[in-house]
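Student: Same order as they appear, the protein sequences are chains P and A. With positions in the first sequence counted from 1, the corresponding number in the numbering used here is that position plus 247. With positions in the second sequence counted from 1, the corresponding number in the numbering used here is that position plus 1376.
Just so you know, not all the hints are guaranteed correct.
Unchecked claim - Straight-line alpha carbon distances no greater than 30 Å define the calculated DSS-like cross-link-like pairs of lysine-lysine that follow:
1. A:K1573 <-> A:K1488
2. P:K266 <-> P:K311
3. P:K485 <-> A:K1423
4. A:K1556 <-> A:K1488
5. A:K1465 <-> A:K1419
6. P:K412 <-> A:K1577
7. P:K485 <-> A:K1419
8. A:K1530 <-> A:K1467
9. A:K1466 <-> P:K412
10. P:K391 <-> A:K1467
11. P:K311 <-> P:K322
12. A:K1549 <-> P:K485
13. A:K1466 <-> P:K391
14. A:K1488 <-> A:K1572
15. P:K318 <-> P:K398
16. P:K370 <-> P:K391
17. A:K1465 <-> A:K1423
18. A:K1488 <-> A:K1443
19. A:K1572 <-> A:K1549
20. P:K370 <-> A:K1634
21. P:K398 <-> A:K1423
22. A:K1530 <-> P:K391
23. A:K1488 <-> P:K398
24. P:K398 <-> P:K370
25. A:K1572 <-> P:K370
26. A:K1423 <-> A:K1467
27. P:K318 <-> P:K391
28. P:K485 <-> A:K1573
29. A:K1549 <-> A:K1577
30. A:K1467 <-> A:K1658
31. A:K1630 <-> A:K1488
32. A:K1572 <-> P:K485
33. A:K1572 <-> P:K398
34. A:K1556 <-> P:K485
35. A:K1546 <-> A:K1423
36. P:K311 <-> P:K444
37. A:K1546 <-> A:K1572
38. A:K1658 <-> A:K1573
Worth flagging that the hints you see were computed from the coordinates, not collected in a lab.
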Amino acid sequence: MLSLMGDGPAKAALTKISKDLKPSLIDSLSELMAEMDNLQGQISALALDYIHSNEIIMTAGNSKTVELFLKEVAKVRKFQLIVAETAPQFDGQHLAASLASAGIDTTVITDSAVFAVMSRVNKVILGTNAVTPNGGLVAISGTKIVASAAKHHSTPVVVCTGIYKLSPRYPYDADVFNVLVNPDPVWNFHDGDIIEKVNIMNSAFDYVPPELISLFVTNVGSHPPSYMYRLVDEMYTKEDVNP
Amino acid sequence: MTRRKSKSSGKPLVSATVSQPGAPASPQKGMQTEEDRICVTFKEIVKENPEMSSAVAAVKALVESIKWNTASTMQEFTQNLESSRRILKKKTELSPVSVAAGCDLFLHWIGKYQHDISDLDACRQSVISKGENLVHRSDEIRNQVAAVGLNFVKDNAIILIHSYSRVVMKLLKRAAQANKRFTVYVTESRPENGGKKAAQKLREEGIVAYEILDSAVGYFIENVDMVMVGAEGVVENGGIINQIGTYQIAVVAKAANKPFYVVTESYKFVRLFPLNQSDLPKRANVARRGADAGPVDPSVDYTPPAFITLLFTDLGVLTPSGVSDELSTCF
């Protein structure tokens, strides 16, 4: 803020020739790769703090991070898992199959049953595709249903994610990050007649606002949504967002 | 040390170290001249620059006061500056919170970076140039704020704004120039009636604008996509102090689940931490009222951070929790 009284933002010396550029770039990329290799282990290490014996946990989608998180707890504790099937790709079903084979007591429910079952749930564990700087999520379609139902029942929502998923872009509106993908899983192309009469949309993502999230468990520790802007600030500069 | 004018009588107390500068053509009442001078300068600056923020005008007034300040030692220099700041904060009738923010920022910067310069003249020059930098850049700063908030204005949006705020006007003007189509509802904002001016200016830019009653905010909120307000000051916890009525609109927006955005420059950040409305400094609610205002009409209110979705500043988009971080880097 004191830069207000300076002479204005200095243009970075982007045209300067530097012999150190290539090696330092390679170094940074190796660092990033190492971080991404290790993050599962670091996140799972925190798992035992959050899931206790005989708890009923709900999840959705098919996040690798969540899968390893839950498997870590399952090694030492017994708990019940409810998985929302997450239509139309049914990622939740794949996750359930994987976790059941690890010996976890798993139940699959339809997305429409989430609210009905939520009253019995102790905690919700979710994965995400991206985290916005205000602490919101851009996650698989169906996540917002689970998060809203949890909020209504005052059930804590824990999001497991590596910080490489932090994005410096604010969600200008709920549709800014969304993509409409192939509607075939929603309604089969073979049903030719109906396709002409009805508009079928299959949105890939949900924006979940920070108010619905209790905690982020990341490879740099656990933080509330209100802290995410700090992590984004550390990773990005103004030029990265508005070149 | 400059003594304050005694409140009971009109007679000024004797001034000890304030140097009387060359030849000011002002009423012959000793120390009162000095006090009035900074206030008069400030008023002139505001009059000549209607688009300038009060905070920047205050800094400009302080810079002017340095120019006529003929202190001969560093201590005298800083004391004179201190007293100018005090007078300006105490006596100004226009946006006292913004003025306080601007003055505090400027003086804090001076205190932090200038006390090691032993040469008084060099110090003086440096301070003057830095102050003038801020004044020159104030337009650019507002442009940066507008650029940041521009993305949030989507096509066919209906935006609710409160009274007349220069930064908000700039943002909306930029949005219109970027060919975004939107409608604006502006509150009438009694008793100052800033809404009328705002609606007029918006229509000049080709923006569809409607003036609505202050009491009709609840009625219209369901149609509105977002609320945008300016701020006189942004406090430490990320809340804002703004023209009376802002808090009310924030509460309604929260109840209706509509985003509430604050558009402000970073020199409005102040080191205040109000816990409720009565914690606002008394001078903030000074007489800045229309002819038909009542005896207990406050002119500003405090909106807690829980009601604010995001702040658009020249430092980028900030969450209310991010404000205290920025403040701590400065102070």
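Student: Each of the hints needs a verdict: does it hold here or not?
Tutor: Outcome of the hint check:
no., hint, result
1, A:K1573 <-> A:K1488, "40 Å, violated"
2, P:K266 <-> P:K311, "39 Å, violated"
3, P:K485 <-> A:K1423, "35 Å, violated"
4, A:K1556 <-> A:K1488, "44 Å, violated"
5, A:K1465 <-> A:K1419, "13 Å, holds"
6, P:K412 <-> A:K1577, "43 Å, violated"
7, P:K485 <-> A:K1419, "36 Å, violated"
8, A:K1530 <-> A:K1467, "42 Å, violated"
9, A:K1466 <-> P:K412, "49 Å, violated"
10, P:K391 <-> A:K1467, "52 Å, violated"
11, P:K311 <-> P:K322, "17 Å, holds"
12, A:K1549 <-> P:K485, "24 Å, holds"
13, A:K1466 <-> P:K391, "51 Å, violated"
14, A:K1488 <-> A:K1572, "43 Å, violated"
15, P:K318 <-> P:K398, "25 Å, holds"
16, P:K370 <-> P:K391, "15 Å, holds"
17, A:K1465 <-> A:K1423, "18 Å, holds"
18, A:K1488 <-> A:K1443, "20 Å, holds"
19, A:K1572 <-> A:K1549, "17 Å, holds"
20, P:K370 <-> A:K1634, "28 Å, holds"
21, P:K398 <-> A:K1423, "52 Å, violated"
22, A:K1530 <-> P:K391, "23 Å, holds"
23, A:K1488 <-> P:K398, "46 Å, violated"
24, P:K398 <-> P:K370, "11 Å, holds"
25, A:K1572 <-> P:K370, "51 Å, violated"
26, A:K1423 <-> A:K1467, "17 Å, holds"
27, P:K318 <-> P:K391, "24 Å, holds"
28, P:K485 <-> A:K1573, "34 Å, violated"
29, A:K1549 <-> A:K1577, "9 Å, holds"
30, A:K1467 <-> A:K1658, "12 Å, holds"
31, A:K1630 <-> A:K1488, "40 Å, violated"
32, A:K1572 <-> P:K485, "37 Å, violated"
33, A:K1572 <-> P:K398, "42 Å, violated"
34, A:K1556 <-> P:K485, "24 Å, holds"
35, A:K1546 <-> A:K1423, "20 Å, holds"
36, P:K311 <-> P:K444, "39 Å, violated"
37, A:K1546 <-> A:K1572, "17 Å, holds"
38, A:K1658 <-> A:K1573, "28 Å, holds"
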